[in-house]
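Visitor: Each chain is listed here by its residues.
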Amino acid sequence: MSAVIFIVFIVGGSAALSWPLGRYMKWAMDPPAVVGARRRALDRLFERVTGRLGREQQGWKRYMVTLLAFNVIIFAVSFGVMALQQYLPLNPDGMKAIEGSLIFNTAASFTTNTNLQHYSGESTMSYLSQLCALMWLQFVTPAVGLAALAAMARGLVGRAPGNFFLDVQRATFLIMLPAAVLVATLVVLGGMPMTLQGAAQATTLEGATQTIARGPVAAFLAIKQLGTNGGGFFGPNSAHPFENPTFWTNVLSTISIILIPMACVWMFGRIVGRLRHAAVVFGVMLALMSMRIACAAWFESAPTQAFTALPIEQSTGNLEGKELRFGTAAGPLWAVVTTSTSNGSVNCMHDSLNPMTGLMPLIGMWLNEDFGGVGVGMINMFVYVILAVFLAGMMVGRTPEYLNRRVEAREVKLAAVAMLAHAFFILGASALFAVTPWGTKTLNNGGAHGFSEMLYEFSSSTANNGSGFEGLGDNTPPWNIATGIVMLLARFIPILLPLAIAGSLASKRPTAQSAGTLGVEGGTFAVMLTAVIAIIGALTFFPAGALGPIVEHLQFMP
Amino acid sequence: MQTLLASLRIAGVSLLICAGVYTAVILGVAQVCTPVTANGSLITRGDGTIVGSRLIAQKFEKPGYFWPRPSAPDYNASGAAGSNKSPTSSDLTDRAAKTVEQYGATPDKALPADLAAASGGGLDPHITEHAALYQAVRVAGARGVAPSKVESLIRNHAFSPGGPLTPDRLVNVLELNLALDAETGP
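Note that the protein sequences, when read in sequence, are chains A and B. Heads up: the first sequence begins at 84 in this note's numbering, then just goes up one per residue. Heads up: the second sequence begins at 221 in this note's numbering, then just goes up one per residue.
Note that these hints are calculated values from the structure, not bench results. In this text, all values refer to a predicted model and were calculated from it rather than measured experimentally. A few of these clues could be false.
Keeping only pairs whose Cα atoms sit at most 16 Å apart, straight-line, the calculated EDC-like set for lysine to aspartate or glutamate is [claimed, not checked]: (1) B:Lys279 x B:Asp267; (2) B:Lys279 x A:Glu396; (3) B:Lys329 x A:Glu396; (4) B:Lys282 x B:Asp388; (5) B:Lys318 x B:Asp294; (6) B:Lys369 x B:Asp401; (7) A:Lys109 x A:Asp126; (8) A:Lys179 x A:Glu289; (9) B:Lys282 x A:Glu289.
For reference, chain B alone in the conformation it holds in the complex (with noise of 0.2 Å):
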């Protein structure tokens, strides 16, 4: 009975420091110092509604836009989930095949890899600046521009998440159709 009661002081004691004052601490440091990224790094309009956030993938899928990679949970942001598939899988390959159909994708023209992959949590806000480039001919068109335009932007907006550690150079879909629509209007 002594035993258990020491725990249980223990016990208290250790929710009350680790649950507690640790989670305020960090929370405090976060408010303070990192405001915006601590509350989700949500992009607010001018007229403060909310449009997302950058570090959250979203739908898109008019030709005007440039489009994430696929989701599993069809861009949930409060049940992400991959597709947990097996590589090997032929439902794998069913889903890609419409993905690649949306695309118009040709033996000559093949699909970059991270278009018909599902990410992880299936909120993975980047694409590759070459999977950018190949949507750069659809978002001209539907916008009316010219695509020299388009791709000088996706090129400003590409970077190297690792520095020379990762030699793919990436580019944030959202903050892309953001300036996008900044630039050409919506």
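Chain A with its partners taken away, still in its complex shape (with noise of 0.2 Å):
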């Protein structure tokens, strides 16, 4: 009962405090034409630093272009800075220089907004790595995703792109940068450390020694979680206790996870003037979320299998990989909530999850867009409400709108394209690996578990999300090499296509709402988007899901 309580209370906490949040996030992003002299003086700012460029209107060829070759310098910074940690300061512990293919692997999963880590933090990386290769890519790259959103929104109202310098200096700015602030002061006052000094060397109560890795967690925990970036700054990542401390650092963290990807669908609907539309788009994701959280939070109350024919009470459900205190709900909400977004932290070892609570983070990534990555879940979304429309109309002979535009075969096509990109990525980079050695041989687990291992690692990748089941030993050069490619064609496939498609139909003359259109602010469109969501999932990752958790359930558990 008291998990019950404990999982509404977070996901309608969360829920509720996104309304307001999008508001303001339009306001941030999206300033109507007439604004008071304050918010004008901001963007003023963000044009001069930007320098000429920031004033030009740009078209969406433009945009798309700039918006990659600001990805370009800052994979670049940050690939420098990681690979020069040896020679800089800020470096107490001593860490050496990285590997080339992890630096590679690293950088391009920062850059992605993925954080899958091939590394553990506290053994590899310095300080000043940690901070100004990760962290502050952990602030630049959701804003990329809001930027990219806030374009297509304006695409599909018919107006031009806008300018996307200023657009990823509002994001990193006006949204990420105060809401950080916020969060950061919260969890310092929570408990957990924020400090430059290095390890403390501890003699413990039988005389031994402990090395205590400590650092500037509070900094990093807290843009970790609000910008479903998820990279940890220890190996554990929120299951450590520095990095997660109390029961109510958990509910912060956990709330800021979902918080912006859900004020995003908000800031959508106000940027396309379609608040009720928006809120059924809202209302399928919970739905969808909802049902996964219920799900895993089931089957994680089973108790550990290994440990049935042993004497060992059964009472509890299965805590292998778990913290004690966090409750018991914490692990599996957290799982999906993870998975749902494109965060990617850990408060438990997925691994070690049940098998089939363990399939629920998968299904999130596979589908990936609700609430999704910030900014990027609400574009991914769109490519299902596209696909959606479609397939709506042709079951009543009419041609599809969306918003009032034509929605013809260049959009859907493109759509298309986006929407097998995915799952090609997902399913065929973990054939390849499912039987060369590159994968068999770095498994934690056998049998199915090993498998779902490979094809977790891999959604994970595709899905920029970044967790792992991580008994996986994937710090070799194949899997930096071959992750580190899926993230950065992961990341910007899904971003430019539908940028593509929103650019195809601002160039359209609006047409008059008929009988014949499906209203997207229904019920019947509700049903519709689901139903397509639910299939074109279950039809593309069911059997790669069946080798996988599947089995391994009907195979051990009772």
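Fit chain to chain and form the complex, with the hints in mind.
Guide: Now the structure itself:
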């Protein structure tokens, strides 16, 4: 019972907070033509930083090229900082040079807002790398997602995309930064470490020596959670007591994962001027996520299967890989929320979840749209929306329309390519590693669970999520290079194609709404959208899921 | 080229503000308002030596101390990790069988599950109150004190981490062991 109250409290609280935040985000990202002097002064400042290009009205191609150019730069800067960390300051614990393929993987991972980590922070990264290569990207990469969403939304109502340089600064400085200051301050007061001192040497009560790694954790954690980044300061992420010291920091962290992705839906609704449509989309997302939360909490209440033959109490759920201070429902709740959004931080070890519980994060990453990453989640959902209106149009034999613009062959083709690319990267790459020693030699568990580890790794890379079945020995050149490439392609293809769809729709003349148009503000549309997501998701990924978690469940669970 | 330069300028400014100013502000707030927890909640003795952190589990093997949950990295606080074993794995059964033997658990006196399961980071500082009471007889015997004394110490240290939202009460193992030493001598 307390588990149900806990879950409703967190999900409901986040949903309630997302409404005013969405309103603020619209003000920040897409101020109305007539605004107050202060708001205008902020944009002037951003124009000043950009230089001459800050004033231009970009077209669709230009917006996309600028977005890519910015990403090339941030990739290069973070790569450089990590590659040179042994020569740079702020390295009290003397971290050494990092291996090349690992630098590539990490730079790709943090540039794509994935935060897949093939290293352990406390034994690999200097404080400077943590702050200036990784934490910095945790601010600007969700901002890239927000910029893309704002541009797409403008296109859907026939406007020009705006200016990428302005958008990315608006998102960084007006949304991510204030939110991070607030959350970091709260978790500091909640007892989280925030220091630049190196590791502490303790002499334990039994006389042994214990080296206790620490660092500027609170600042890192706040933006890690808020920007659907998920990359931990320490190896075990938010299961480490320093990265999540109490029940209450865990509550705040969980809300921080989901809050901005939720608010993105309202921001989208406000920019396109269709809040009822946004509410329907929000409802579909919430329903899909809630179903997975319920399933995960249920399956995780079964005791650890490996202990059943031993004299060990079986009354509690599976505690392997979990921390006690968060309470029993916190692990499965977080596991679903962090994979529903593209966050990827963990507060329990996903590798040690019961088999069917472990399927829920996988499904979250396969769908990748409820609520999805900051900005990009709503963009992914838009692709499903296009497919839904297209299929509905086919059913009644009318030309489909979305927000009064005709959806034609070109848009549907682009949407289908985006959808297929997602599936291709997950299934194709998993298949490749499953039949080569690149994958099979790196497993921590045998049988079906070993396959799940590989499937999870590529699902996580493709969904730009970043969590893992961390038993996998993934710090090898094949894993580093393959997941690095997958993350990059799976980040930019699903941003650029929907922007191209929006640009194409923007150039069309609006049509009048008729009786034959599928309204996107009612229950029919909600059912249609849910069905499209369920059918595409199930048909694409069910076979792979059956080979992994499902067969493991059937094999072992009573 | 212009585009790359503008990107570089924005990168520079955001790096300065988001990595520099932001970190400095939070660091300042932390070191002023909560200096103890900000530096890792360390517990020091009178002579300044550090005993450990109240947030980080340390290894206890002597029968006169309470033992924490199993740890995959053997309580290495600079290389934390979980076991990452599937809950259906036979490796996990083998590991738990050793733990059962260590505690001398029997079907009549089954081991509390948290003492058999490794924590997520391997550094969970807590065990359940129930798991502490389970160890009370051993601890009291090794120290030559009445079990009731140890049990009341446990009850005094037990707390609910989330109030009504977490029905299971927990104890902090290091703090409990320190209290034990203070009360009965090491």
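Visitor: Hint by hint, say whether it matches the structure.
Guide: Comparing the hints with the structure gives:
no., hint, result
1, B:Lys279 x B:Asp267, "violated, 22 Å"
2, B:Lys279 x A:Glu396, "violated, 23 Å"
3, B:Lys329 x A:Glu396, "holds, 9 Å"
4, B:Lys282 x B:Asp388, "violated, 26 Å"
5, B:Lys318 x B:Asp294, "holds, 15 Å"
6, B:Lys369 x B:Asp401, "holds, 13 Å"
7, A:Lys109 x A:Asp126, "holds, 14 Å"
8, A:Lys179 x A:Glu289, "violated, 32 Å"
9, B:Lys282 x A:Glu289, "holds, 8 Å"
Checked against the numbered hints above, the structure violates hints 1, 2, 4, 8; every other hint is satisfied.
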